[in-house]
Structures are given as structure tokens and as C-alpha cells.
Amino acid sequence: MLIDGLKLALVGMSVVFAFLVLLVLIVHISTRLFKANTEKEAREMATPQRRMSSMGNGRLVAVISAAIASHRARAAHTGG
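Heads up, the sequence shown is in the working numbering, so the first residue is 34 and it goes up one at a time.
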């Protein structure tokens with residue numbers, strides 16, 4: 034009975050280990066496959082940020098200030 038328990042434990046640990054190795058391999062393969070797409074998306078995401086910074090700090094500050102003033106006016110009007 035003890036031998037059967039040890040066999041079962043060994044089989045269970047082997048299955049878990051094999052699954053974890055398979056999972057690591059799948060993650061590495063998917064990383065290599067999607068690396069080009071990820072780099073392309075990162076470059077595309079960086080482009081709008083550069084455009085926004087070229088908009089000028091003065092205009093950005095004005096927009097944020099107007100939004101805050103509008104929010105405060107609504108909050109004062111509704112009592113919240």
C-alpha cells in the first residue's frame with residue numbers, strides 16, 4: 034500500500050512537472066512570435082505622445098484648468 038502511494042505521488046509530480054515545462058516552452062515560443070508585433074505597437078503608442086507634447090504646455094494647462102473649473106462648478110451646483 035505504501036508503494037502504491039509513492040507511485041501515485043511520483044506520477045502526480047511528474048505530470049505537474051511536465052505540464053510546467055510545457056507551459057514555459059509555450060510562453061517562450063509565443064514571446065518570440067509576438068515580439069515583432071509588440072515592438073510595432075510600442076512604436077505606434079509612442080507616436081501620439083510626441084504629438085501631444087508638441088501641442089504646447091500652455092494649451093494643455095488651459096484645457097486641464099477648464100476641465101477642473103467645470104467639474105467644480107457642477108459639484109457646487111449639485112451640492113456634492
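There could be a bad hint or two in this list.
Cβ pair distances, simulated, as ranges [unchecked claim]:
#	residue 1	residue 2	range
1	Thr111	Phe67	25 to 35 angstroms
2	Phe52	Ala75	51 to 61 angstroms
3	Glu77	His110	36 to 46 angstroms
4	Arg107	Phe52	51 to 61 angstroms
5	Ala99	Glu74	42 to 52 angstroms
6	Leu58	Gly38	51 to 61 angstroms
7	Ala108	Met78	39 to 49 angstroms
8	Glu72	Ala51	26 to 36 angstroms
9	Ala69	Val44	39 to 49 angstroms
10	Lys68	Ile101	37 to 47 angstroms
11	Ala108	Val54	55 to 65 angstroms
12	Ser103	Glu77	23 to 33 angstroms
13	Arg107	Ser63	21 to 31 angstroms
14	Met34	Asn70	52 to 62 angstroms
In silico SDA-like links for lysine to any residue, alpha-carbon gap of 25 angstroms or less [unchecked claim]:
#	residue 1	residue 2
15	Lys73	Gly91
16	Lys73	Arg92
17	Lys73	Val60
18	Lys68	Leu58
19	Lys68	Leu55
20	Lys68	Thr80
I should point out that these hints are in silico values taken from the structure, not numbers from a laboratory.
All values derive from a computational prediction rather than experimental measurement.
Even glycine gets a Cβ: it sits at the ideal position worked out from N, Cα and C.
Status of the hints after comparison with the structure:
Checked against the given bound of 25 to 35 angstroms, the beta carbons of threonine 111 and phenylalanine 67, roughly 47 angstroms apart, lie outside it. The hint said 51 to 61 angstroms for the Cβ distance between phenylalanine 52 and alanine 75, and at roughly 32 angstroms that hint is violated. At roughly 41 angstroms, the beta-carbon separation of glutamate 77 and histidine 110 lies within the given 36 to 46 angstroms, and the hint holds. Evaluation of the 51 to 61 angstroms hint for arginine 107 and phenylalanine 52 yields a pass: the beta carbon distance comes to about 55 angstroms.
Between alanine 99 and glutamate 74 the CB atoms are about 32 angstroms apart, so this pair departs from the stated range of 42 to 52 angstroms. For leucine 58 and glycine 38, the hinted distance range of 51 to 61 angstroms is not satisfied, since their beta carbons lie about 31 angstroms from each other. Take alanine 108 and methionine 78: their Cβ atoms lie about 33 angstroms apart, and the range 39 to 49 angstroms is violated. For the hinted restraint 26 to 36 angstroms between glutamate 72 and alanine 51, the CB-CB distance of approximately 32 angstroms keeps it satisfied.
A hinted range of 39 to 49 angstroms holds for the C-beta pair alanine 69 and valine 44, which are about 40 angstroms apart. Here the CB-CB span from lysine 68 to isoleucine 101 is close to 41 angstroms, well matched to the stated 37 to 47 angstroms. For the hinted restraint 55 to 65 angstroms between alanine 108 and valine 54, the CB-CB distance of approximately 57 angstroms keeps it satisfied. As the Cβ distance of serine 103 to glutamate 77 is approximately 32 angstroms, the hint placing it in 23 to 33 angstroms holds.
At roughly 47 angstroms, the beta-carbon separation of arginine 107 and serine 63 lies outside the given 21 to 31 angstroms, and the hint is violated. Checking the proposed 52 to 62 angstroms range against methionine 34 and asparagine 70 shows it holds: the Cβ atoms sit about 54 angstroms from each other. With a CA separation close to 31 angstroms, the supplied pair lysine 73 and glycine 91 exceeds the 25 angstroms bound. Between lysine 73 and arginine 92 the CA atoms are separated by roughly 30 angstroms; this puts the pair beyond 25 angstroms, and the hint is violated.
Restraint check for lysine 73 and valine 60: the C-alpha separation of about 20 angstroms stays at or below 25 angstroms, so the hint holds. Proposed proximity of lysine 68 and leucine 58 is supported: the alpha carbons are some 15 angstroms apart, at most 25 angstroms. Under the criterion of a C-alpha separation no larger than 25 angstroms, the hint pairing lysine 68 with leucine 55 is consistent with the structure, at around 20 angstroms. Between the alpha carbons of lysine 68 and threonine 80 the distance comes to roughly 19 angstroms, so the proposed pair stays at or under 25 angstroms and holds.
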